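Novice: To get my numbering, take the position in the sequence shown, counting from 1, and add 21.
Just so you know, the hints here were simulated from the structure itself, not pulled from any lab data.
None of the values given here were measured: they were computed from a predicted structure.
Treat each hint with caution, since some may be false.
Claimed, not checked - Listed next, the in silico DSS-like pairs over lysine-lysine satisfying Cα-Cα at most 27 Å (straight line):
1) K101 <-> K46
2) K122 <-> K100
3) K101 <-> K49
4) K144 <-> K166
5) K49 <-> K114
6) K114 <-> K100
7) K46 <-> K58
8) K145 <-> K100
9) K114 <-> K137
10) K114 <-> K127
11) K132 <-> K144
12) K163 <-> K146
13) K101 <-> K127
14) K137 <-> K60
15) K40 <-> K100
16) K122 <-> K132
17) K163 <-> K145
18) K166 <-> K176
19) K176 <-> K101
20) K146 <-> K176
21) K127 <-> K51
22) K188 <-> K176
23) K46 <-> K63
24) K46 <-> K166
25) K46 <-> K100
26) K127 <-> K137
27) K145 <-> K114
28) K40 <-> K127
29) K63 <-> K132
30) K122 <-> K101
31) K137 <-> K40
32) K176 <-> K63
33) K58 <-> K40
34) K122 <-> K146
35) K100 <-> K127
Stated by the list, open to error - Across the chosen pairs, the derived CB separations fall in these ranges:
36) R126 <-> P151: 47 to 53 Å
37) P152 <-> R130: 16 to 22 Å
38) M43 <-> R126: 48 to 54 Å
Think of the CB as a built atom: it goes at the ideal place given N, C-alpha and C, for glycine as much as any other residue.
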Amino acid sequence: TQHTAKLKVIVYVISIEGKQLMPCKPAKAKKLLKTGKAKIVKRFPFTIQLNFECENQVQDVTFGIDAGYSNVGFSATTKKEELCSGTLILDNKTSSRLTEKRMYRKLRRSKLWYRKPRFLNRKKKINWLPPSTQRRYDTHIKLLKMYQEILPITKVIIETANFDIQKIENPEIN
């Protein structure tokens, strides 16, 4: 997956206890780092952790995800401003990865002299999803968790929409 984000020039802040705080401007972060009141935790997105007790006042942050097939749009906003936004581009290589995996498995099994027949191991799990759908779902969850580590997210909105492509191409179709 490729991550393109239109990040404002802000620095994400974590308290001494590890709680997410509101982001600050780079000038303030630079001052905190120079005086030894903060340390760098992550380079991308740039995140600092405070070395002193603070009030831990935060605003409500809403994280929105527009779940697409190959592009996932996201945005984090407060009531006053947008903190970050971007697009996550999915690689859609699940099918080719499974084909390669199948090839290696076939080669590995063909080298065995004798293998006891196995045919009763084809039961699907209860919450089974196709691999491509499962990967897309896992990517959405991973994106959300990444931003939950650095922002005090209070509300998550996931926009899903089903489009009838035939209806768009031919409006008279039922």
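Novice: Take the hints in turn and mark each one as holding or not.
Specialist: Status of each hint after checking the structure:
no.	hint	verdict
1	K101 <-> K46	16 Å, holds
2	K122 <-> K100	47 Å, violated
3	K101 <-> K49	20 Å, holds
4	K144 <-> K166	31 Å, violated
5	K49 <-> K114	42 Å, violated
6	K114 <-> K100	38 Å, violated
7	K46 <-> K58	15 Å, holds
8	K145 <-> K100	45 Å, violated
9	K114 <-> K137	33 Å, violated
10	K114 <-> K127	20 Å, holds
11	K132 <-> K144	26 Å, holds
12	K163 <-> K146	22 Å, holds
13	K101 <-> K127	57 Å, violated
14	K137 <-> K60	58 Å, violated
15	K40 <-> K100	21 Å, holds
16	K122 <-> K132	16 Å, holds
17	K163 <-> K145	24 Å, holds
18	K166 <-> K176	13 Å, holds
19	K176 <-> K101	15 Å, holds
20	K146 <-> K176	31 Å, violated
21	K127 <-> K51	56 Å, violated
22	K188 <-> K176	34 Å, violated
23	K46 <-> K63	16 Å, holds
24	K46 <-> K166	23 Å, holds
25	K46 <-> K100	18 Å, holds
26	K127 <-> K137	15 Å, holds
27	K145 <-> K114	23 Å, holds
28	K40 <-> K127	49 Å, violated
29	K63 <-> K132	46 Å, violated
30	K122 <-> K101	49 Å, violated
31	K137 <-> K40	54 Å, violated
32	K176 <-> K63	24 Å, holds
33	K58 <-> K40	16 Å, holds
34	K122 <-> K146	20 Å, holds
35	K100 <-> K127	56 Å, violated
36	R126 <-> P151: 47 to 53 Å	18 Å, violated
37	P152 <-> R130: 16 to 22 Å	20 Å, holds
38	M43 <-> R126: 48 to 54 Å	50 Å, holds
In terms of the numbered hints stated before, the structure departs from hints 2, 4, 5, 6, 8, 9, 13, 14, 20, 21, 22, 28, 29, 30, 31, 35 and 36, listed from lowest to highest.
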